[in-house]
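Asker: As you go down the protein sequences, you meet chains A and B in turn.
Take the first sequence: its letters are residues 46 to 358, numbered as in the working numbering.
Take the second sequence: its letters are residues 5 to 286, numbered as in the working numbering.
These are calculated hints, taken from the structure and not from any lab test.
Watch out, some of these pointers could steer you wrong.
[To be verified] Derived coverage of chain B by chain A (criterion: at least 3 residues anywhere in the stretch with Cβ under 8 Å from a Cβ of chain A; other residues may be distant):
#: 1; region: 34-47
#: 2; region: 115-121
#: 3; region: 124-133
[Stated by the list, open to error] Partial list, computed: chain A residues near chain B (C-beta under 8 Å):
#: 4; residue: Gln104
#: 5; residue: Arg127
#: 6; residue: Arg153
#: 7; residue: Leu264
#: 8; residue: Tyr326
As the structure is a prediction and not an experimental result, all values here were calculated from the model.
For glycine and all other residues, C-beta sits at the position ideal for the given N, C-alpha and C.
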Amino acid sequence: MSALAAAAPAPITFERASRWYGPVIALNDVSTALLPGVTGLLGPNGAGKSTFLKLAAGQLAPSQGQVNVLGRPAWGHPELFRDVGLCPEADALWDHLTGEQFLMSLMRLAGYEEAECTRRTQAALEMVQLADARHRRCGGYSRGMRQRIKLAQALAHDPQVLLLDEPLTGMDPMSRRRVSDIIRRLAAEGRTILVSSHVLHEVESLTQRVLLIHNGRILAQGEVREIRDLLDEHPHTVTLRARDPRALARAVVDATHVVSIAFGPEPDTVTVQTARPDEFYGVLHEPALQAGVLEMYSPDEDLESVFRYLVQR
Amino acid sequence: MSAATAAAADPVAAAPPRPGPVPFLRGARVVFDLSLEAMLWSRRSVFMGLLLVVPLLFAILYRVLLAAHAPVRITPALFFGGMFGSYYIWFALPLTALFYATALVADEVEAKTITYLLTRPVRRTSILLGKFAAYLGTTLALVLPSVVLTFFVLMTRQGRRGLALGAPDLVRDLAVAALALLAYGALFTFVGVLLRWPLITGLLFLYGWEWLSILPGWAPRLTIRAWLTSMHHHTVVGEGLSQGVVQTLPVVPGLITLGTSSLLFLALAAWIFSRRQYVLDQ
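Looking at chain B on its own, in the form it has when it is part of the complex:
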């Protein structure tokens, strides 16, 4: 039988060839758009929004006390530095990353909507990248305004001069916040695709493993918190809570370590996500 005859007899063979999967970045972009809105307007965002309003409330309280001539010894810069070092780095940022990143795939599996994503001509790594980008977009949209508003409320006490003096620290803190969301997010994305109940493991990591950061010697280098705390360096906060208990590690190795670990965890997450049979979890 000739090839032409065979093709005519076989409707599948006769069908014109179609292109391969959707280009990687294009697929990721569509998943990003699809996931961003769902994440931003989720109940999770309401909860995290409340969590991130707390420093702002403290800042307002601080200004009220100053206005009432209460005997407050701490300066606005010191207050902001302490708030960022203790509340954001130790509590709000890792928790925000934990709640969003572990749910990137788990929410779709639980809602049984993962099928729609996995039955499109899109590579799974592309799906995961799009979801992770949406996670970063959502958490940055929640965290950065919280940090900036808290800074603004505190530093305007000293007028424009206060804002100008604190601006470099603010920029550094915003960068540290973004790095924290990236590093914790990559780790928790990996935990989220690996385990069926990732939240408990994540909490154990945050409130168990991360306490290694206060130990002497090499142990703090095995935590994300120690590197972040070292990068958040306010000259005026030398006696702040986090600065007092965590040793200061060098910044450049910190950037390399957190950047590399983020890439590694994302690559592992993508590898697992590409091979996992999610219908078994439904």
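Chain A on its own, in the form it takes in the complex:
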């Protein structure tokens, strides 16, 4: 066991873990220990975040080294999933089931009795504010609702370890706020939560503790403040899809921190560059409601430039 793992027994440990796909190395000799609370797993697309998360979730076996969750190897131990919840990145659900049926089925698979399945399903639906939509088929859910039902299935069995792969992607500002609140609350209860994202601001809104991953290696692990200032040199880009994109643009154009606004790439989208993401998201709430914002996402160019800077430093 490495000195790191021995010093701090942690719910998630990687010991010299590598994973390769044929000749491609996705994760290279990674050693780390994740403690209770939220840890942000940050990296541009293709950095190795998904591989890291899938190794922790027991969906992949390490090619070399060890990945342990709650003291047991993550691969090949299904009983671990009594204490581990995974919110996958893929926008995939059993679309023929209602939200309630979806959660009930997964609670039954978690081994609970019928009454307990019902109780946990209702609690999870209320937690992600989908109780009113419980009888609608998942296939008819909006993107934000689909993200929330995915989160609900990850936490309905009250796991100690939560692995969330891009949980805020595609959500409208209201849903984003709700889900962020849930994640923070769960972390405050002492759970170990790993949130992967390619958007620094998203992670920053959840935690100060980040794991920077690039080209399959851990570039840095620590406080997000240390890389926060770099963002000032690299304006944060947000694309918003809204029912009335022009009204949205009018509402935010005068904000001092907005560097540029452009319509596109789709007819109903606005792309905004801001030097102060915190302030931008702070003032966005009211205009977003009025303009009917349906979805917002950030390309990873911002983070990519920060990573380039870190790598060259």
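Take the given structure of chain A and dock chain B to it, following the hints.
Answerer: Structure of chain B alone, referenced to chain A:
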């Protein structure tokens, strides 16, 4: 440091122990319930339903011709025997098994919903067993009514006496149909978890390998079709298509062979499914 102090310092160690995986049969039952509805009401079932309506349509046509006093020489029993031996055993049953069993895991992988099944405290063998049971439930629900209705339409020509006379053959044919779905299903489940594009391999097996059944000597014993055809034995269908070209093999070794091969293929499928990293296929 004492054990108590260590436990207090480590929230993971302090957590109460939890039980192991969900019991095998209970997990399989939940997967069965979950998969059965999805399979029954899938587009695949509509297609297979159409395929299984064809013998019924032929049976109705036969009765119409008889009613119109057309010169039909074949008896209802012979017609039913020929239909079961040629259409069901040679075509509909293997194709039904192929389309459903190869998709048991592949559909979940393609839809990326396999993650939900594989991140529960359920053994993978339990998941596969539940899915296979749902496959059997679905295909039996489609095939058996088709066989029974076809039989009923044909044999009521001779009134109650016809039904009573043909009943033992019907029971035997229903059992052969169930055995066919089990044997082909187990094989195609194995192919489905082993290969990324199992449908092509399955079709090659059905329309290549299975033709060994018409060869003389030992070769037919290497096919599923020859054993099934031998079990489907209508005394009145001695000159039927399948009976004419396939040698008759003994029934008991056939039952043992098909039963053993089904168990073997299911065990292999479960072994592969337990070890495969499906996120690589997504």
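Asker: So, against the hints stated earlier in the document, which numbers end up violated here?
Answerer: Violated hints: 7, 8; rest satisfied.
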